[in-house]
Amino acid sequence: MLTDQKMKAVYFNVGGSTEILYFGDIALSDHYNEGQVLVRIKAIGINPIDCKIRTHPERFPVTYPVIPGCDGAGIVEAVGAQVDNFKPGDEVYFSQPAFNNRQGTYAEYVKVDASLLALKPRSLSFEQAAAVPLVFITAWEALHDRAHIAQDHIVLIHAGAGGVGHAAIQLAKLAGAHVIATVSTEAKANFVKRLGADLVINYRSQDVIAEVLRWTNDNGVDIVFDTVGPEILQSCFRCVKPYGDVVTILQSAPDTDWSEARKRNVRFSLELMLTPILLELEDAKRHQGEILRQCAGLFDAHKLQVEIARTFTLRDAAAAQNFLEQNHPIGKLVLIVDS
Numbered sequence: 001m002l003t004d005q006k007m008k009a010v011y012f013n014v015g016g017s018t019e020i021l022y023f024g025d026i027a028l029s030d031h032y033n034e035g036q037v038l039v040r041i042k043a044i045g046i047n048p049i050d051c052k053i054r055t056h057p058e059r060f061p062v063t064y065p066v067i068p069g070c071d072g073a074g075i076v077e078a079v080g081a082q083v084d085n086f087k088p089g090d091e092v093y094f095s096q097p098a099f100n101n102r103q104g105t106y107a108e109y110v111k112v113d114a115s116l117l118a119l120k121p122r123s124l125s126f127e128q129a130a131a132v133p134l135v136f137i138t139a140w141e142a143l144h145d146r147a148h149i150a151q152d153h154i155v156l157i158h159a160g161a162g163g164v165g166h167a168a169i170q171l172a173k174l175a176g177a178h179v180i181a182t183v184s185t186e187a188k189a190n191f192v193k194r195l196g197a198d199l200v201i202n203y204r205s206q207d208v209i210a211e212v213l214r215w216t217n218d219n220g221v222d223i224v225f226d227t228v229g230p231e232i233l234q235s236c237f238r239c240v241k242p243y244g245d246v247v248t249i250l251q252s253a254p255d256t257d258w259s260e261a262r263k264r265n266v267r268f269s270l271e272l273m274l275t276p277i278l279l280e281l282e283d284a285k286r287h288q289g290e291i292l293r294q295c296a297g298l299f300d301a302h303k304l305q306v307e308i309a310r311t312f313t314l315r316d317a318a319a320a321q322n323f324l325e326q327n328h329p330i331g332k333l334v335l336i337v338d339s
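The sequence shown lines up with residues 1 to 339 when you count with the UniProt record's numbering.
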């Protein structure tokens, strides 16, 4: 595998605003193992976690200089001695955070654990494929692995037009569920309707709890998927039926009132797709690679789609992160690598 090479990358040496992000030459780390694959990156998906790691790197197991980014799509350049399921020239996609002596994807090259890789959907461009991994893995794990979604379930998905939300709507519909999605604008409402949402609630002009109970005849939904955080989580317990599921991708606030959840005997789950790398769980990493393989088949069968809001060049990563934090766009932002 290539070592002691220079590559273009975005990196930082201290946490803070996007002003701490640098673009330039940096060494391609020679730290790798025989189960890794060297990927030449063609495109990079941007996610809110990238901004959180930049702002508070001390909360994560990173090594300086930090090359941020989890999602990537590109071409295999070389494989470790123990890798027999990928070869140079394969087009792949994956999600791997820059934890535990790994680097992130805001770079021309990255070494990736082979267990996390999947062949890129043939029907998607590199830009489209790079927008998929983190959000579709998150939605898949939340709905299938945590909440055990089933035919005719009613699912409430908060922030349905976002990256995770738009993935969750599609996966829920494929599972045969009925979907309620919350949005903030008419444009986002039209978008989630195109994805198959059965009921769309504009949370800025409508009472979400009242609309959910009206649509479900006061029964509540089987599953609530919270992609927003503490200010929304509290309301989820009023929307779910007794013995239902609430899944969140964010940490609850210290003052969360759990009494309604307790009364309804709600099953509460946390979803963090970073766990396999954080805790070095090989089976969990392979599971995420398998999710991407299944999603590739669904994309190629035209049963899934991914929405790209805007693309930027790698050198404009700071502008891209600013755009994400300030605009909350429909779909995903993607960095394009010219290499």
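Honestly, the hints are just simulated from the structure, not real lab data. Certain hints may be false.
Each computed DMTMM-like pair below joins lysine to aspartate or glutamate, with the alpha-carbon atoms no more than 20 Å apart [what the hints assert, rightly or not]: (1) Lys285 / Glu34; (2) Lys285 / Glu260; (3) Lys241 / Asp207; (4) Lys52 / Asp207; (5) Lys8 / Glu19; (6) Lys263 / Asp218; (7) Lys52 / Asp84; (8) Lys241 / Glu186.
For the pair supplied as a hint, Lys241 and Asp207, is the alpha-carbon distance within the 20 Å limit?
Distance of about 18 Å is within 20 Å: holds.
Would you mind confirming whether the straight-line C-alpha gap from Lys263 to Asp218 stays at or under 20 Å?
This hinted pair holds, its Cα atoms lying about 16 Å apart.
Hinted pair Lys8 and Glu19, Cα distance within 20 Å
Measuring from Cα to Cα gives roughly 18 Å; hence the hint holds.
Regarding the pair Lys52 and Asp84, is the alpha-carbon distance no greater than 20 Å?
violated (35 Å)
Does the alpha-carbon distance linking Lys52 and Asp207 stay inside the 20 Å limit?
Between Lys52 and Asp207 the Cα gap is close to 30 Å, so the pair fails against 20 Å, i.e. violated.
Holds or violated: are the alpha carbons of Lys241 and Glu186 at most 20 Å from each other?
violated (28 Å)
Are the Cα atoms of Lys285 and Glu34 separated by 20 Å or less?
holds (16 Å)
Is Lys285 close enough to Glu260, meaning Cα to Cα at most 20 Å?
violated (35 Å)
Consistency note: the structure conflicts with the earlier hints numbered 2, 4, 7, 8.
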